[in-house]
Amino acid sequence: MASSKKEKMTRKILFYIGLAFVLLVSLFPFFIMLMVSLKNSAEAIAQVPTLLPRQWTIEHYLDIFNPVLFPYITYFNNSLIVSLIVAAISVLFSIFGAYALSKLKFFGRTTINSSFYVVYMFSGLLLVVPLFKIISSLGLYNTRTALVITLIVQTLPAAIYMLKSYFDTIPDDLEEAAMIDGLNRVQIIFYIIIPLSISGIISVFVYSFMIAWNDFLFASIFLSSSENFTLPIGLNALFSTPDYVWGRMMAASIVTALPVVIMYGITERFIKGGATEGGVKG
Amino acid sequence: MKRKAKRKTDTKLAAVLLFPSIFLILLLVAYPMLSNIQISFFEQSINPNLDPTFIGFENYKQILTDEVFLKSLGITFLYTLLTVVGSTVVGLAVAIFFNRPFKFRKISRSLIIASYVAPSISLVFAWKYMFNNNYGIVNYLTVDVLHLFDQAPLWFDRPASSFVLVVIFAIWRYFPYAFISFLAILQTIDNTLYEAAEIDGASAWEKFKVVTLPAIMPVLVIVVTLRAIWMFYMFEDVYLLTNQVNTLGIYLYETAFAFNDLGKAASISVILFIILFAVILLMRKRVNADGNG
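Listed in order, the protein sequences are those of chains A and B. Here my numbering is used: position 240 in the first sequence is 380, and no number is missing along the way. Here my numbering is used: position 51 in the second sequence is 36, and no number is missing along the way.
Any given hint could be a false lead.
Under the rule of at most 27 angstroms between Cα atoms (straight-line distance), these lysine-lysine pairs were calculated in the DSS-like manner [unchecked claim]:
(1) LYS56(B) - LYS152(A)
(2) LYS113(B) - LYS56(B)
(3) LYS152(A) - LYS194(B)
These are computed hints drawn from the structure, not numbers from a lab. Computed from a prediction, not measured in an experiment: that's the story for all the values here.
Working from the sequences, and respecting the hints, build out all of it.
Here it is, written out as structure tokens:
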């Protein structure tokens, strides 16, 4: 009896050692980021690296929010505006589209559905040349509008796919009952479908926000002046200059990663069936 | 009669509801795709004031005989193979490891996903710092502490070491995707199946082969297919980490926006599209033939 208890204990300990190892591997770069952001500049480039700062400082965080030193706030605002608009439009269009694909019967439904799935697998990279031409000819080069429009196409197919599988779980009886009560289809969407699938809608919002927030490719193609830069290209541009400061870069990296990591952490449990039902692309 | 009338309104409403999505996708995916084919037959610079010249298959000829392209194709296939296998195997292993009740399970899950959802640029800065030749912790550990190398490899400045680096980075970054996908399906497997296998005296590997693998097969196929496609045209992770690994994504991007040759870049897109399409079709056939599709 005692030995089996002991065995159980050993197993448990081994499991937690394994768990600690997995977490260490996953989080180590984040830990380094955080620690360097709290070290002073000399310590960050010491020949013998230390894990913890000898002298803790928050100067780098103050620096990135100082517009004289670094246009971080401008980039942050641009990223926020673009991502919020992309997420909002993506949610709106995908509610309508997913409702049609899930609840309405019409000719071509299956084809449209599978076309969205194919587009979901597509990468923007294959379309950069014609998109560049379209955006230029529309006179939208170097505007945030260009970024918003092209990013919606990146997020929309997956958003529709995610929401469709969500709407599929809502029983049709509910709708029929609502119709008998005199609601029309559009009212049903707003009074029945949306309230019932609010967690799915939040997931779609977070997913779209994240794709837009993380985008580097389209931003690097469509934006050319610093006042329009989003965070990924803004930070990358700064990295290419000779006077970068590691602490500042790391502080900026942390603050840039934080919104999506937090949002995703909170909503992750809503995302049913994991990544296979319209997982995050990337 | 009434039924028919209802269907008609359904179609109308569906058209209205789907219009914005379909319009955007036609305009910004379907049209560009076709436009790529057209542009690929022209010599076209990035300056819109210069007229394009029709040159037939010249762009294709140049690319398909370009050693840089062929080498880049090889690098891309190797990169895709290693990162897909690596991230899937690690993701599956961690998912199996996590498929039991324990304290901090939820929070651990969320923490593991962090590398997958954070923007590349943030992660790349951390990795560039960790692998820095002078003060990076990786070189400190491998050279000064563990003596694995006599001299620090110049991680970002040599093609071979850069390739190793981008592969490790990708496996680290994308295994959580496989992990969450597999964890969800593992939880649906009935535990009595394992117990039955155990009574039959099955080893851990046999249990995996007989119970786990068939159950996760549909998800495995999706994870591998999607990941393979996305890794095949990976751009930003590699581009931001190093300039030493010339994958097709980078080759395409630089042809378009560094060398300003839009016609050539368009023909690369077309070739990539054809390769991918062929791979998808082949995979599908293979999967169906094995009876797992």
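Please flag the earlier hints that this structure goes against, numbers listed from lowest up.
Number 1 only.
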